[in-house]
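There are 2 protein chains.
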Amino acid sequence: MPGDTAIATVCLSGTLEDKLAAAAAAGFHGVEIFENDLIASRRSPSEIRRLCADLGLTIDLYQPFRDFEAVPPDLLRANLRRARRKFDLMAELGADTVLVCSSVSPDAVDDDELAAAQLRELAELAGERGIRVAYEALAWGRFVNTYEHAWRIVRRADHPALGVCLDSFHILSRRSDPRAIRTIPGEKIFFLQLADAPLLDMDVLHWSRHHRLFPGQGAFDLTAFTGHVVAAGYLGPLSLEVFNDVFRQADPRPAAVDAMRSLVALRESVGVLELPEAPRLDGHAFAELAVPGTVLADLGFAHVGTHRSKPVQLWQQGSARLLVNEAAEDGTISALGLISANPAGSARRAESLLAPVLPREHGPGEADLSAVAAPDGTEIFFCGGDGWLQDFVPTRAVQSGAGITGIDHVALTQPFDHFDEATLFYRSVLGLRPDPVSEFAAPFGLVRSRAVGDRDVRLTLDSALVRRGEWAPGVPSPQHVALTCDDALAVARALREAGAPLLEIPGNYYDDLEARFDLPFAARLRENSVLYDRDEDGEFLHFCTELVGSRVFFEVVQRIGGYRGYGVVNTPVYMTAHRERRLSLAGVE
Amino acid sequence: MPGDTAIATVCLSGTLEDKLAAAAAAGFHGVEIFENDLIASRRSPSEIRRLCADLGLTIDLYQPFRDFEAVPPDLLRANLRRARRKFDLMAELGADTVLVCSSVSPDAVDDDELAAAQLRELAELAGERGIRVAYEALAWGRFVNTYEHAWRIVRRADHPALGVCLDSFHILSRRSDPRAIRTIPGEKIFFLQLADAPLLDMDVLHWSRHHRLFPGQGAFDLTAFTGHVVAAGYLGPLSLEVFNDVFRQADPRPAAVDAMRSLVALRESVGVLELPEAPRLDGHAFAELAVPGTVLADLGFAHVGTHRSKPVQLWQQGSARLLVNEAAEDGTISALGLISANPAGSARRAESLLAPVLPREHGPGEADLSAVAAPDGTEIFFCGGDGWLQDFVPTRAVQSGAGITGIDHVALTQPFDHFDEATLFYRSVLGLRPDPVSEFAAPFGLVRSRAVGDRDVRLTLDSALVRRGEWAPGVPSPQHVALTCDDALAVARALREAGAPLLEIPGNYYDDLEARFDLPFAARLRENSVLYDRDEDGEFLHFCTELVGSRVFFEVVQRIGGYRGYGVVNTPVYMTAHRERRLSLAGVE
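Protein sequence lines correspond, in order, to chains A and B.
Each residue of the first sequence is one higher than the one before, starting from 1 at the first, in full-length UniProt numbering.
Each residue of the second sequence is one higher than the one before, starting from 1 at the first, in full-length UniProt numbering.
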C-alpha cells in the first residue's frame, strides 16, 4: 500500500536491535534490512524474523545485492552461488524482495542484452522461491545509471519476478525527469526508496553517502516525485533510505520519529493521507523565560499580571508580552505562545504529525491552552486571541515603556543532532516556511542558521556546523528574544540612559561600517552600539543586551522598508562582545 | 625571508587575542590579520599593534580587500573611499601589505586593461602611504581565477606598490601548473599563502572554505609548489591560510603548534631548513598498557621481568613485549616503545618538530630512554636494541607461549580534533608513511581510519567522522594492540581452550563470508571466531579478545602473502560484538 511506511535500517544508529525497536516505536509498518546490520547481529535471520514479528514490523526489503549483472560466465556462476545463499537467508528472514543495484564492477560489460539475460536467470532462481528482484540504477552505476535504462533492461528481461526499484536520490540527484515514471506499469515498480538532500555541488557518491535527508528537510521536490510513482499505480510502501552522517550517530528513537513525521507530511502532500490543516498563525502571544524581573524593568517592561496558580509573572511593553517563570531553569527560553486562528486545530495537526502533546495543567476557570513540545524541548502553546490573559491577576503597574512594540522573532539554538529535524517540525507541524540555510563564522566555529516563518511569526534556528568539543565555550549557545521598535537609535539611547545592560559594540565595527557605507546616521549608530545591515528591500538596525541569564539575552530590532533578514552578518560581532564581556565580568584579562 | 613563518588568524579558533597568543606561543614570526577578527575585537588597531609587538609578532598582511577592480567609475570612487579607510587602519595597525582578491562582483567587467588601470590607481594610493597591494586570483574569481592571469594584470599595471599574492590552494585546486611561478620576478611576489587539502570532488569554493589542511596533512605537493616560489626569488614569509571546520572550533594552542610543525617540515623538504634526519625505525619494542596480568597469562604471555624502580611488569611472548603499568589509568595504551637505529637522533628530530619531550625519569644504572608525547598524549619511547630490558629484574617464569610471535600494529583512537594533526606528527616526526584515509560505517557512526608506517612499525589512527554526542557509546572508542602469529586458526583454538576471553563472532558473518568466498577453511574460521579479509596481494586472518579494560582489547593477526591492510571491512562486526558483549555482561537484554 502506498499508505504503508518503511525505513531502511541504515537510516538509524545503533545495533540492528536498537534500530528495529526505534522503527517500531515510531509506528513504521516495515523495514528494509541493510545486509551489514544483519551480518553484525548475534541474532540469526530467523530470530530477527521473530523479533520483527513481535515488534509488528514486516521485512519489506533485503538490501543490497551488488555487482551481479553483465559479467563473464565464470563470474555469473559465482554470483548465482552468492544469490542462492542470500535467497536461503531471505527465506529464513521472511523477506520476499531483494534490492539489486546496477553494477559498478570493473568486470561488467556494457551490454543490455547480457544484463537482461543474466537478471532473467537471477529472477528465475528467485521466483522459484517466491522472491522478487528489484533492480535499481545507482546514480554512479558503471553503465546503468538512470531509471529509464534500468526499466529498459527489466522490460527486456521480461520476467514476473523482476521489476525496478526507484530511489528518489538516484533520480533527482542526476536531474533526471521523473515524469516518465508514469509510463512504468505500477506492478513492475517493486519498491520505492525515498530520500531528500540539500543541493550540493559535489561528487554524487559522496553526496549520497553522507548528506541525504528525510523528505521535507532538503531541496528535492519529493511531492511531485512521489506523485508520479503513485500515479503509475505503485502499491508498495513508501520507504526511507537516508545515509546521513549525523543520523548515523544520533539517538535512533527521536530520529525514527523525525523520519516518520517526514513520511506523514509527504503522504499528506501527495494526497494519500488527510491531516487537519495548519491553522493560520497570527503572531507571537508570548515568550516564557527565566530572567530577573529587574532586567525587564530596565528594558521598559511593566509587571502587569501575576498568574493565578503558578509562579509566573506577566511583563508587557507595547504588544510584547514576556512570561517570567521563576521556577524555570536559569537562562532558557522555555516556552513560546503563538496566536492561532484555531488553537484546537493547531494542536490536532501537531498531534497527527507526532509532536508530543503536553499534559494540560490548569486551575479551575483558567484557560485550557493546548501545547506541544518542539524537538529541542521548547513548549509551544497555541493561544486564541487574548483569552489566556485572564489567567493573570492584573497588578496596578502603569505601562510607560521605552518604545518597544512587540516580538519580532525568537532565536532558538538547536541541539546539534536536531537541526534538520527542527526545520521539518516547524514546517510541517506549524506550517512555517523555511528560508535557505545560511552559514557564518562565529568566533568559536562555524554556525548554520535557518529562519522559519514570515512577518507574523518568525523563528531562527542556529546550530554549530561541527559539534563543538571542550574548548569552544557557549555550548549550548545563548538563545534570545528579538523585540521590535520603530526607532532603534532612540530606544537604545533611552534604554542606556535608564541603565539597561546594553552590549557595547567595538569601535572597529563602526570603522568598517563607515568604510563600506556612507550613512548619515553612522555616528549615532556608533554612539549607541547599534548594528546595521541592509538588503535589496530595506535596512535593519539592531542592538543587544548583555547576557541576562546564563544563556539568554534580548535583541531590539528595527526593520525599515522590506528588509527580510536577521542581521546575521553582525552575529559574530555581538557573539564576540558577549564572550569578552563575560570574561571581563569573570575578571579574566 | 622564506625562513620566516606566519599564520592567518582565520586558521585558529577564538577571539583575536586568543589567536595571537596561540600563534606567538607556537613560535610564529608573524600573522595575517583577517578583517573580521579585527572588526569583532574590542581592541583598537593601535592596541592590536602593541599587543602583537609585545608578543613578538609582526603583522605581515591585512586581509582581505574584495571586489575592487574592473568596475564602473562611480563604484570605483566608492571602492577607493573604502580603500583609503582601510589604509588608514593599516597605518594604525602597522601592517604594510594588503591582500586584494580578484573580483567576484556582478558589477565587474571582463576587461584586463580596466582592471590594470584601476589596480594601478589603488597602488598609487597605497604607495603614497608605504603600503603594498598583493593581488590574488581566487580559484572562483569571476574573470581572474588563475595566477598567470593575475600576474598578467599586475605586469600591465606596472606599479612598484602592486604585486601578486600566490595561494597554493587557489592554484593547486584548479590543477594549474605551478612551474610558471618561476617566471615571475621574486620581488613581484608580495606574499605567499600556503594550504594543503584532501582531494575532493566538489565545488571549489566549498572545498576551500571548509576542508583546507596544514601542509603535509592533505594531498597537494606543497614541496614542489613552494620550491617554485623560492626559486623565483621570493623573500617574504611562508604563511598559512587554512579554512578548516575543525580547526575553527578546536583549542588554538595545539592547533598553532600543529600549524608550525607543518611549516618546519615543509621548510625542511624545500631545503631552506636543516633538521636532524629521522633515524630508521626497526620495530615495536613494547606497548605499555593497563590490563590485568591474568589476561596476559591467558593469552600465553609470561611475566618475565619486574622494573627495578617502577610499578611496571614486563610480559613477553615471542618478540611481543608488553609492559603492564599498574599505576596507569585502566584501559589506555599509555606508551609505545619503538626500536630506533639512533634513539638520541630520533629524540632530536622530534624536538626540532615541536614534539613535547618528556622528562627523563630513571633510577641510577637504569636506561636513559628518550621519549616524546604524541598529540593524543601517548608517550613514544625510542629504544636502541634491547638495552632497556636491563631495567627489569628477570623473574624465573618460563615462556611456553601460545604461538604469538610479535607486535603487528597498535591502533590508537584519536581525539576528534587531532586526527589530521596525528597524521602529520607521525609522518614528520617519526618518518612513518601515511596510507590514504579510509572510512567505514561503525554501528554508532562513521569512522575515519588511517594507517601510518610500513612492515616494521605500523600504527592505525581512528576517529569519528562526526564528533559523537551523548547517545553513541564508546567515546573515546577502544584502542588495541594487534599481535602477530603464523597460524591464527591454531592460536585461536589453543587460546580458547586455555580459557582466554576471545570475542564470539556471530554466525551471520560466516554465512556472508561463505556466500562471498569459497574458502576451504571456512568452517574452521566459524568454529574459532576468526575473521577473514583478502586483497590483491594476500590474505588476512584475525581475531579479537573481549574488552579487557574499560577501553582496550587485543587482536591477533596472521598476514598471508603480501596483504597490506588491517581488515577494516570487519571492524564494524567486532565493534558490534564488543558492544553486545558489554551489554550482556551488564545484564541488559
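Source of the hints: derived by calculation from the structure; they are not laboratory data.
It cannot be assumed that every hint is accurate.
The following label-pair restraints were derived from C-beta to C-beta distances [what the hints assert, rightly or not]:
| id | chain 1 | residue 1 | chain 2 | residue 2 | range |
| --- | --- | --- | --- | --- | --- |
| 1 | A | A224 | B | G538 | 32 to 40 Å |
| 2 | A | L125 | B | F517 | 17 to 25 Å |
| 3 | B | A586 | A | P198 | 58 to 66 Å |
| 4 | A | R129 | B | D518 | 50 to 58 Å |
Cut-off 25 Å, straight-line C-alpha distance, at most; resulting in silico cross-link-like pairs (SDA-like, lysine to any residue) [what the hints assert, rightly or not]:
| id | chain 1 | residue 1 | chain 2 | residue 2 |
| --- | --- | --- | --- | --- |
| 5 | B | K86 | A | V569 |
| 6 | B | K86 | A | L51 |
| 7 | A | K86 | B | K86 |
| 8 | B | K86 | A | E514 |
| 9 | A | K310 | B | K86 |
| 10 | A | K86 | B | S334 |
| 11 | B | K86 | A | L585 |
| 12 | A | K86 | B | G365 |
We put the beta carbon where it would ideally sit given N, CA and C, even for glycine.
Hints and how they fare:
no.	hint	result
1	A:A224 - B:G538: 32 to 40 Å	51 Å, violated
2	A:L125 - B:F517: 17 to 25 Å	20 Å, holds
3	B:A586 - A:P198: 58 to 66 Å	39 Å, violated
4	A:R129 - B:D518: 50 to 58 Å	22 Å, violated
5	B:K86 - A:V569	19 Å, holds
6	B:K86 - A:L51	68 Å, violated
7	A:K86 - B:K86	69 Å, violated
8	B:K86 - A:E514	10 Å, holds
9	A:K310 - B:K86	56 Å, violated
10	A:K86 - B:S334	44 Å, violated
11	B:K86 - A:L585	32 Å, violated
12	A:K86 - B:G365	65 Å, violated
Violated hints, in rising order: 1, 3, 4, 6, 7, 9, 10, 11, 12; the structure is consistent with all others.
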